[in-house]
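Undergrad: Sequence:
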Amino acid sequence: MEVTQMKNKRLLALLAAGVMTVGCLAGCGGSAETADNGSAASNGGSGSTGNMTLIMAQRDDFLSTLESAATKAGEERGYKIVAQDAQNDAQKQIQFVETAKNGGDSACIVNPVDSDAAQSVVDAADGMPLVFVNRGPSDYHVLDAENVAFVGSNETDAGKYQADALAEYFKAQGKTEIKYVLLQGTLGQVSQIKRCAGVLDGLKENGITATPVVELAAEYDRAKAIDKISPVLTSGQEFDCIISNNDSMACGAVEACEAANVDPSTIPIVGVDCTKDGAQMVQEGKMLMTVFQNPEGQGVGAVEAAINLINGNPANENTQFVKDESGESYSDSIVWIPFEPVNKDNVADYM
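Residues -26 to -1, 1 to 325 in mature numbering (1 follows the signal peptide of the UniProt record, and there is no 0) are what the sequence shown lists, from first letter to last.
Take the hints with a grain of salt, since some may be wrong.
[Stated by the list, open to error] Simulated pairs of lysine-lysine, DSS-like, Cα-Cα distance not exceeding 25 Å: (1) 75 / 54; (2) 145 / 178; (3) 149 / 46; (4) 168 / 250; (5) 46 / 250; (6) 178 / 149; (7) 318 / 250; (8) 46 / 75; (9) 145 / 318.
Read the hints as simulated data drawn from the structure, not as lab findings. The model shown is predicted, which means the values in this text are computed figures rather than measured ones.
Start from the sequences and build out the full structure, keeping to the hints where you can.
TA: Shown next as structure tokens:
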């Protein structure tokens, strides 16, 4: 995943909403009163309530922006946040969690390396407030444990926004049967699984019969996407669109098309994340659309969910974002940061 250049006014509005909302802890916008009560006021005026550790699976543009937002949100609420990079090593990530627990941290925020191993992370936290961010556990029932929560975006929605845009495009041409090329992220990750399911189910729900020409795993990487899709473009195989699990791979597809003397504006290419490059290509008509994912919102929301848990409240109490409405036992432990569809009509708002 990569970070978008979201307008400053969007982030300022996010933070302003936090100042205006009394007692808001779990979502975007803890109030000034909340920050005071949870920091200097409760710590003899020292300005520091405690420490948190943010443990990322890896460092990329998206997660670095999430880290910056979380660190700032923690400081504003009286918490010092130390970030660690697990370098995609699940065992190293667990060790960081254990270190945070043994060091007396107030809470831990984890962007999991392996969603299937979420229970091991919970076990390592051993009752310390724990918030998964960006990537959720494969089984949300892990969130049934006390002091465990998830803050992120519903990956299925990203795929459905792609499907809606493609369905509108093809229906305008009178087409209800299409062939597609799919560029997938890291196989087995929650984001890859749910984004793929979301777009394919969404096309079906929109009355579009979609048949794969080829499905390629390019691990969210631009260069790998170019290498994987280039032979397809020169093979003579016919297809109607390119669906990508993220903007990096979608941008790679655009580059590969141009290198193969194929005009990318004639092939609807869709991505996710609304990165700077992705937004630029949407504006230029080289991509049909992308889907904005909010790293600042995820970072702020994760910190405020953690503070909620520290204070003995549900993770989603007073959230400015979206509460889980599934009715499941873990509903109070989830805060959704909505995806937003971005096309040529509104892309200027995200640049």
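Undergrad: Now tell me, hint by hint, if it's right for this structure.
TA: Hint by hint, here is what the structure shows:
1. A distance of roughly 15 Å separates the Cα atoms of residue 75 and residue 54; the hinted pair therefore holds under the 25 Å criterion.
2. For the hint pairing residue 145 with residue 178, the CA-to-CA distance comes to about 13 Å; that is within 25 Å, so the pair holds.
3. Pair hint residue 149 plus residue 46 does not hold up; C-alpha atoms about 49 Å apart against a cutoff of 25 Å.
4. A threshold of 25 Å between alpha carbons decides the hint, and for residue 168 with residue 250 the separation of about 24 Å falls inside it, so the pair holds.
5. Using a Cα cut-off of 25 Å, the hinted pair residue 46 and residue 250 holds, with the two alpha carbons roughly 22 Å apart.
6. A hinted pair counts as satisfied when its Cα atoms are at most 25 Å apart, and residue 178 with residue 149 qualifies at roughly 13 Å.
7. Distance check on the hinted pair: residue 318 and residue 250 sit about 14 Å apart at the alpha-carbon level, within 25 Å; holds.
8. For the given pair, residue 46 sits about 22 Å from residue 75 by alpha-carbon distance, which is consistent with the 25 Å threshold.
9. For a cut-off of 25 Å, the pair hint linking residue 145 to residue 318 stands: about 18 Å separates their Cα positions.
In terms of the numbered hints stated before, the structure departs from hint 3 and from no other.
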